[in-house]
Amino acid sequence: MNFLPIAIRELQVTARRAMTYYWRSLCALNAAAITLGFLLVGFNGGLTASTVGGMTFQLLSGFGYWMAAGAAVIITADCISEERREGTLGFLFLTDLNGYDIVLGKLARISVTVYCMVAAFPALGFTMLLGGVSIGDFAKVALSFLNVIFFFSAFGLLVSACSWNVRTALSAALAGLLLFNAPMMASVSGLNFSGPWMALLLPTPGGAFLAALGSSLITVSTPDFLWSLAVSHALGWLFIVAASRMVMRNFAREAPQSAQRSKAALGPNPAAALYARTTEQKPRPLVLMMVLFVVLIVVTGMLINPMSWYDIPTFAFIVLGLHLVMKYWTAHAACASLPSRRQSGELEILLTTPLDGDAILLGSTTAIKRQLFWPFLFVVATDGVLLILGWHKLGLWAGFAFAWVMLIEFFWFVGNLYTLTWVGLFMGMKYSSHAKALGRTLFCVLFLPWSVLAVAAAFVGIATMGRNLSPVTGVVTAGEFLVGLVACNLGFCGWAVSELRDRFRLLAASQAEPPERLVPPWKLMLEKLRFWRWKRRPQAV
Amino acid sequence: MIAAAIDSLPQPPADPVRVINRSVRCFIFGLVGAVPCFGLGMVWLAFKLFRDVAAETGEPVKLYPLYLTSVSGVWVAAACGVNDLPVGVLADAIVLVVLQFLFIRQQYLRNAPTEWNPARHLMYWGLGLANLGSILSALAVLLVIYVLLHT
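So the sequence lines, in the order shown, correspond to chains L and A. Taken in order, the first sequence gives residues 1 to 541; the numbers are from the numbering used here. Taken in order, the second sequence gives residues 542 to 692; the numbers are from the numbering used here.
What the hints contain is simulated information worked out from the structure, not anything from laboratory work. It is possible that some hints are incorrect.
Each computed DSS-like pair below joins lysine-lysine, with the alpha-carbon atoms no more than 25 angstroms apart [claimed, not checked]:
id	chain 1	residue 1	chain 2	residue 2
1	A	603	L	523
2	L	523	L	369
3	L	523	A	589
4	L	430	A	589
Just chain L, same shape as in the assembly (with noise of 0.2 angstroms):
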């Protein structure tokens, strides 16, 4: 037998995958973008070159981390545990193949992250050119890189061992990945972690990363890196080690019985009534989570700067992270919802009754919306009160700011809103994998549009040369930024309802995506012409 099997064959179907090299090039290209952009805003001559390179630097290393962080979690979270629903688990033990076989095999998934993270070496190491940034600093932070990527992926392996739910799965993933970085940023955030303290910073990847950075960030108390490297690498073998013998263990165990169905949850809609059987969850968690995350940031706030914690950037990390909580479960749910009808046969039964195919949909989204109701109220509940305690805070003219960006993120909170259950419910129908499915749709609505910012600032960049940059530049770019956010919001939103409506049917019949075939872009164009220039169409089949 070869060494490590499933490991070989993971990266063989991920060398051979379209998306592989297209999400390759996408990273390099929004390292590009945005080098260019701070390339030629120095050329205005409003910043020197060695601090345009460190700020580069700076915002490159700190997109990339959180980037590689979060798709190492979420690629990782689920694959054990859904082959453990699939029952295919046990299948693999019939072989020669041991639990670190199974571990390291689906360690290998995360080789889409690190060939990204590479692609985007080039455009980091650039900055060493402007100066500002030695060899040294940059050696160190793609080192932490790695790292990252190996201690999360390893971490989302042990949890994904451990479980049998996706949805418990992911988060306990993403809690962990917070739980791990929380140390990292109360001290970006300015807390002092000295003696005693410094053990919490020292293990986490966060740690090393920071002090990667350290020789720009002198004012941020940091970790030994090399100690903090060989700690945290450490530990993700530990997690390694973990999952193995949890793989072992766990693999015949029967999944923990769900809840029984509520009364209320049935509707006057079947769809709905069968979507809430399952996956009904009661609010109160989550709403709890929200109380904890908000006391969570207040505390973290008051340790920070006891005498003026109660201000506008205390507000606004409270509203921006209550948002993104209730996006990533609206996203989540709205994932989740069809694939497990579909995967218990309830879809296939459904779509033998006169329902139709918008029915059901209106049934998931209804299902959706009671599920996250009472976690919305609380959102909108606390913006307000936010707003109230801000405007107090400014004084009445200058509050009007406040208000307006306010009121310009709640619009922009409640627009991701739709659109996340829609692009879910498409992609939950699209891919096998729960995973996969949540990634594409928070890729499509989250970080398209953060790409399309960066893309534009290189597009200003480039227009004008980085010369005669005025606040006109600073409201264009923002227009830029705003128009790409509703385009990308529309344009996904579109698609998906479009998808839906047209092929419920044949998504629900298909199990899964089959794997994609490479065909670059100019094939796709000159096979056009050809159709073009014989008159001829392809037969649909």
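The hints should help you fit chain A onto chain L, whose structure is shown.
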């Protein structure tokens, strides 16, 4: 042999409800897509739906003159903008919109779908509005560049 036999099989008739729904949706997407820049996503969807519905009802459509005139019109507008001729940009935009309206109308009158589609006019309205939105978006981008270069 088998592939040829499958190719020669008559296509199943299009589902009229589905075709009408998609035509109406094409119109709605076109309407939203007419908003410059903000509706660019919808423009793409309206074009896609138009092509899909036309293929489904067996309607022979040729959209490349539309694309060619759009691209050339935007180039002319850009050239006028570079030479500080705002009247030229305006005239070019008006000529472009009128030409394309006439072209779409001609297509609507000449083409004959093999399947009956009672919402066919909505489909064409959607196409026209989406096309208008794409031209307005291009002009808006040119305007932004013009403003940036002159401040």
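Failing hints, ascending? Hint 2 alone not satisfied by this model.
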